[in-house]
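A.B. asks: Under our numbering, think of the first position of the sequence shown as 6, with each following residue one higher.
Among the hints, a few may not be true.
Stated by the list, open to error - Label-pair ranges, simulated between beta-carbon atoms:
hint	residue 1	residue 2	range
1	Asp-195	His-118	54 to 60 Å
2	Lys-215	Glu-245	42 to 48 Å
3	His-118	Ala-25	20 to 26 Å
4	Lys-39	Gln-200	53 to 59 Å
5	Thr-312	Glu-245	50 to 56 Å
To be verified - In silico DSS-like links for lysine-lysine, alpha-carbon gap of 30 Å or less:
hint	residue 1	residue 2
6	Lys-205	Lys-298
7	Lys-192	Lys-334
8	Lys-230	Lys-269
9	Lys-215	Lys-230
10	Lys-330	Lys-202
11	Lys-202	Lys-215
12	Lys-202	Lys-334
Read the hints as simulated data drawn from the structure, not as lab findings.
Here the structure is a predicted model, which is why all the values come from computation and not from measurement.
Glycine residues also receive a C-beta, built at the ideal position from the N, C-alpha and C atoms.
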Amino acid sequence: MTDIEPSEELTGNMQQLISAKAEELFNLCDTEQKGFIIKKDMQRLRDELGVEPEQLEDVFDSLDIDHNGYLTLEEFTSGFGMFLGDQIGDGSGNEQEMIEHNPNDKEEQQLFHDTLEALGAKDLYDDEETIMGLWMKLRENDPVLLRQFEQFIGKITQEIRRSKLDHRSIEAALQSKSSVHESEIKKLYDEMEQQIKAEKAKVLAQEKLKERELREQMDRELRLKEQQLSELTKKQSDLEMKLLRLNLNESETKNENERLQKEKAQLEEQLQELTKGLEESKNYISQLQNQTKKEKRDRAKQALNLTENIAIERENLVKQLDSLKTINKRLVDERDLSQGSK
6 MTDIEPSEEL TGNMQQLISA KAEELFNLCD TEQKGFIIKK DMQRLRDELG VEPEQLEDVF
66 DSLDIDHNGY LTLEEFTSGF GMFLGDQIGD GSGNEQEMIE HNPNDKEEQQ LFHDTLEALG
126 AKDLYDDEET IMGLWMKLRE NDPVLLRQFE QFIGKITQEI RRSKLDHRSI EAALQSKSSV
186 HESEIKKLYD EMEQQIKAEK AKVLAQEKLK ERELREQMDR ELRLKEQQLS ELTKKQSDLE
246 MKLLRLNLNE SETKNENERL QKEKAQLEEQ LQELTKGLEE SKNYISQLQN QTKKEKRDRA
306 KQALNLTENI AIERENLVKQ LDSLKTINKR LVDERDLSQG SK
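With the hints as extra help, turn the sequences into a complete structure.
C.D. replies: Structure (structure tokens):
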């Protein structure tokens, strides 16, 4: 390969690299995305280019050909070669004077690879052969521009590595977020299951307690009424026996008969009252028994309604879990998409 044949190709590659770097530096200055930059915006390149503020102002003035106080992307890119090294364009006119070199020179190649390794760019670029050809050409013709080119490669290398590191950090964060989200969903599902079981057990225990207390209260009232009924029945039996004895003694004297008649009337009146009380007691006992049956039916109905409400609540919770699973699946898909784009 001669000096004349690759000259235009190497110069074009360098110009492409310079244009890409110029656009990147312009974006660093134009953080507000105005589409143009002013002189104070150039100061954002101090750390990037390692130059003094006065030098940046001089560069801005040299690029501001129209003297309108601002630079567009086109103006910045077209004049960027003046700062980074516009010697490439000048070198194209001296192609016949370039010294022929051998790209297979082992020493030159080893020196180039050592330079890439020192810059941290070893095995980082796919077009390493193109870069090596440009590096060798600059080494032969312009050592000053070569140093600027190596600095340029070093800055691009740092940015590529920083970008890869940021990508790995984002990927790790997404993986961690996905794992935490899955763990939280499982924990939430387990907690809801335990809560449903606990609430169901609590409600059933409360219902059983209420039923037992009500049954005991009804049993006490029933025993009390049965005792009262037994006493009234015994009293009625005693009165009936007394009436029977009185009826057998009608042959006694008139006064005794009148007395007995009066006593009989009193006893009959008492009997009626007792009978009435007995009927009322029977009716009350019947009402208590009917009330007991009704309350049992009501409790059974309440328990059924409670079971239905628990089922509805569980269904709502399951829907919420399905929604959370959908969100988790979307996060997993986003993570897979991110890994695929890598």
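A.B. asks: Now, for every hint given, state plainly whether the structure supports it.
C.D. replies: Here is what the structure says about each hint:
1. Asp-195 with His-118: 54 to 60 Å: holds, 57 Å
2. Lys-215 with Glu-245: 42 to 48 Å: The hinted range 42 to 48 Å holds for Lys-215 and Glu-245, with Cβ atoms some 44 Å apart.
3. His-118 with Ala-25: 20 to 26 Å: With a Cβ separation near 23 Å, His-118 and Ala-25 satisfy 20 to 26 Å, so the hint holds.
4. Lys-39 with Gln-200: 53 to 59 Å: Because 56 Å falls inside the window, the suggested range holds.
5. Thr-312 with Glu-245: 50 to 56 Å: holds, 55 Å
6. Lys-205 with Lys-298: holds, 25 Å
7. Lys-192 with Lys-334: holds, 17 Å
8. Lys-230 with Lys-269: holds, 28 Å
9. Lys-215 with Lys-230: Holds, at roughly 23 Å.
10. Lys-330 with Lys-202: holds, 22 Å
11. Lys-202 with Lys-215: Holds, because 20 Å separates the two Cα atoms, which is no more than 30 Å.
12. Lys-202 with Lys-334: holds, 28 Å
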